[in-house]
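**Q** For reference, the chains in residue letters:
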Amino acid sequence: MNREIQILAESWPLYLSGFGNTLWLTACTLVLAAIGGAAVAMLMLSRIAPLRYGVVVLVDLLRTVPFLLFAYLVYYGLPVLGLHVDRWSSGLCALAVYHTAYVGEIVRGAWRNLSVEQIEAGRAHGLYGLRLFRRIIAPQLFFGCAPLIGNQTVQIVKDTAFLLIITVPELTFAASSVQSTYFIPFAAFAVAIALYWAVTLAIEAAVRGIESAAEARRAS
Amino acid sequence: MNVAELQSLLHGAAVTVGVSVCAIVLGIPSGLALAIVRWRRVPVLAPLVAAYVSMMRATPSITLALMVFFALPSIGIDMDVTHAAVLTLLLNTAAFNCEIWRAALIDFPREELAACRAYGMTLPLAFRRIVLPQVSVRSLPALVNEMTLLIKSSPAIAVIGIVDLTRAASRIGAETYQPLPPMIAATLLYVAIVLVFVGAQRYFERRLRRGALQP
Numbered sequence: 150m151n152r153e154i155q156i157l158a159e160s161w162p163l164y165l166s167g168f169g170n171t172l173w174l175t176a177c178t179l180v181l182a183a184i185g186g187a188a189v190a191m192l193m194l195s196r197i198a199p200l201r202y203g204v205v206v207l208v209d210l211l212r213t214v215p216f217l218l219f220a221y222l223v224y225y226g227l228p229v230l231g232l233h234v235d236r237w238s239s240g241l242c243a244l245a246v247y248h249t250a251y252v253g254e255i256v257r258g259a260w261r262n263l264s265v266e267q268i269e270a271g272r273a274h275g276l277y278g279l280r281l282f283r284r285i286i287a288p289q290l291f292f293g294c295a296p297l298i299g300n301q302t303v304q305i306v307k308d309t310a311f312l313l314i315i316t317v318p319e320l321t322f323a324a325s326s327v328q329s330t331y332f333i334p335f336a337a338f339a340v341a342i343a344l345y346w347a348v349t350l351a352i353e354a355a356v357r358g359i360e361s362a363a364e365a366r367r368a369s
Numbered sequence: 002m003n004v005a006e007l008q009s010l011l012h013g014a015a016v017t018v019g020v021s022v023c024a025i026v027l028g029i030p031s032g033l034a035l036a037i038v039r040w041r042r043v044p045v046l047a048p049l050v051a052a053y054v055s056m057m058r059a060t061p062s063i064t065l066a067l068m069v070f071f072a073l074p075s076i077g078i079d080m081d082v083t084h085a086a087v088l089t090l091l092l093n094t095a096a097f098n099c100e101i102w103r104a105a106l107i108d109f110p111r112e113e114l115a116a117c118r119a120y121g122m123t124l125p126l127a128f129r130r131i132v133l134p135q136v137s138v139r140s141l142p143a144l145v146n147e148m149t150l151l152i153k154s155s156p157a158i159a160v161i162g163i164v165d166l167t168r169a170a171s172r173i174g175a176e177t178y179q180p181l182p183p184m185i186a187a188t189l190l191y192v193a194i195v196l197v198f199v200g201a202q203r204y205f206e207r208r209l210r211r212g213a214l215q216p
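Keeping their order, the protein sequence lines are chains G and D.
The opening residue of the first sequence carries number 150 in the working numbering; numbering runs sequentially from there.
The opening residue of the second sequence carries number 2 in the working numbering; numbering runs sequentially from there.
Don't read these hints as lab results, they were simulated from the structure.
Since the model is a prediction, treat every value here as computed from it, not as a measurement.
Here a beta-carbon is modelled for each residue, glycine too, at the ideal position from N, C-alpha and C.
Be a bit skeptical, because a hint or two may be false.
As the list claims (entries may be wrong) - Quick list of simulated restraints, FRET-style, between CB atoms:
id, chain 1, residue 1, chain 2, residue 2, range
1, D, Gly19, G, Asp235, 30 to 38 Å
2, G, Val246, D, Val43, 18 to 26 Å
3, D, Arg203, G, Phe335, 35 to 43 Å
4, G, Ser326, D, Pro110, 24 to 32 Å
5, D, Tyr53, G, Ile154, 19 to 27 Å
6, G, Asp235, D, Arg42, 46 to 54 Å
7, D, Pro48, G, Ser264, 36 to 44 Å
8, D, Leu49, G, Arg283, 21 to 29 Å
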């Protein structure tokens with residue numbers, strides 16, 4: 150037990166850098182998938198039928214592929230397309246594209262739940278274009294999406310662990326190298342799981358914060 | 002890809018389906034047991050189950066697979082990769098199934114339970130005859146949805162050396178130096194497997210909406 154604590158204390162910088170990479174990958178993926186998801190949602194709501202169906206089929210297809218397989222396809226596929234990128238970019242690219250499909254579906258759902266009456270009321274009060282979007286549509290869209298985006302963020306955190314396979318040095322990679330060096334399997338992975346748990350609890354707390362803000366907004 | 006390679010991919014797919022089905026078959030009753038512990042607010046155990054579920058929700062399958070595979074032998078529990086793979090997926094899916102069962106149990110009308118007691122049913126009998134049939138029907142679509150999530154996270158077990166569909170594909174890639182074709186074939190097989198479950202889920206949801214699925 151003492152030996153394990155000592156090893157963990159010595160390996161702490163390794164964990165910290167792995168954890169930092171996991172958080173960094175998650176944050177980048179979340180930002181990219183939010184932008185991509187909004188664009189994909191717009192395409193899925195487009196008036197041009199072939200475009201709409203094409204994107205819907207693509208999104209549905211992507212959502213049936215396991216993330217690890219998609220990460221492999223990107224990792225081996227990009228060089229075939231002539232794009233020689235490092236494992237970081239290829240991992241991040243896989244994460245961002247994959248989660249764009251899920252976020253797109255979430256945004257589309259929230260868009261469909263918008264109340265037509267409120268938008269019409271906004272128009273009646275003389276709000277048009279960007280102001281209508283900013284004052285009436287965007288807040289509802291944001292608060293409607295937030296809980297599901299929170300869930301998706303937990304999923305992103307968990308999917309970053311798969312990048313271990315293409316040797317991206319994230320948290321599980323760090324735990325795995327600690328275990329293979331010192332052979333302390335239980336402690337090595339327990340630390341990683343505790344850190345994943347902490348991030349998830351923080352994400353859940355943030356979502357609850359946003360929800361209570363939405364509640365307060367509705368009440369005022 | 003030649004015939005032998007296709008055969009080993011199909012064999013891998015059979016392993017993936019086999020391990021997943023084992024985890025599903027064991028995971029549904031385990032989830033129910035965990036849900037009952039929380040539903041009846043069993044002292045000491047209920048908060049432990051809540052913590053377990055919260056932790057599993059946060060743990061990547063791949064991290065769990067590595068931990069199960071390396072840590073259990075070190076505390077004297079020897080198991081081969083297949084058992085470790087089933088156990089990994091089971092630990093994960095039982096937690097998610099627990100939440101599904103619990104949601105249905107919480108929604109179950111108290112009046113019906115009170116009526117059972119008024120008819121002199123013991124709680125286990127009421128649970129078996131009245132609660133379980135209704136709760137099962139309500140939970141079915143969500144349970145099937147969780148099965149598709151399980152299949153999608155199952156490639157994580159490839160990391161501990163079991164030759165599932167993912168590992169079969171990467172093996173072929175390593176032998177032929179052309180990793181892309183077997184990966185594409187494996188992806189298509191996964192899509193096919195997942196679509197079967199998605200189809201089942203839509204079918205149950207439709208029947209449930211029409212009221213055709215009676216307990």
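**Q** Please list, smallest to largest, the hint numbers that this structure does not respect.
**A** Violated: hints 2, 4, 8.
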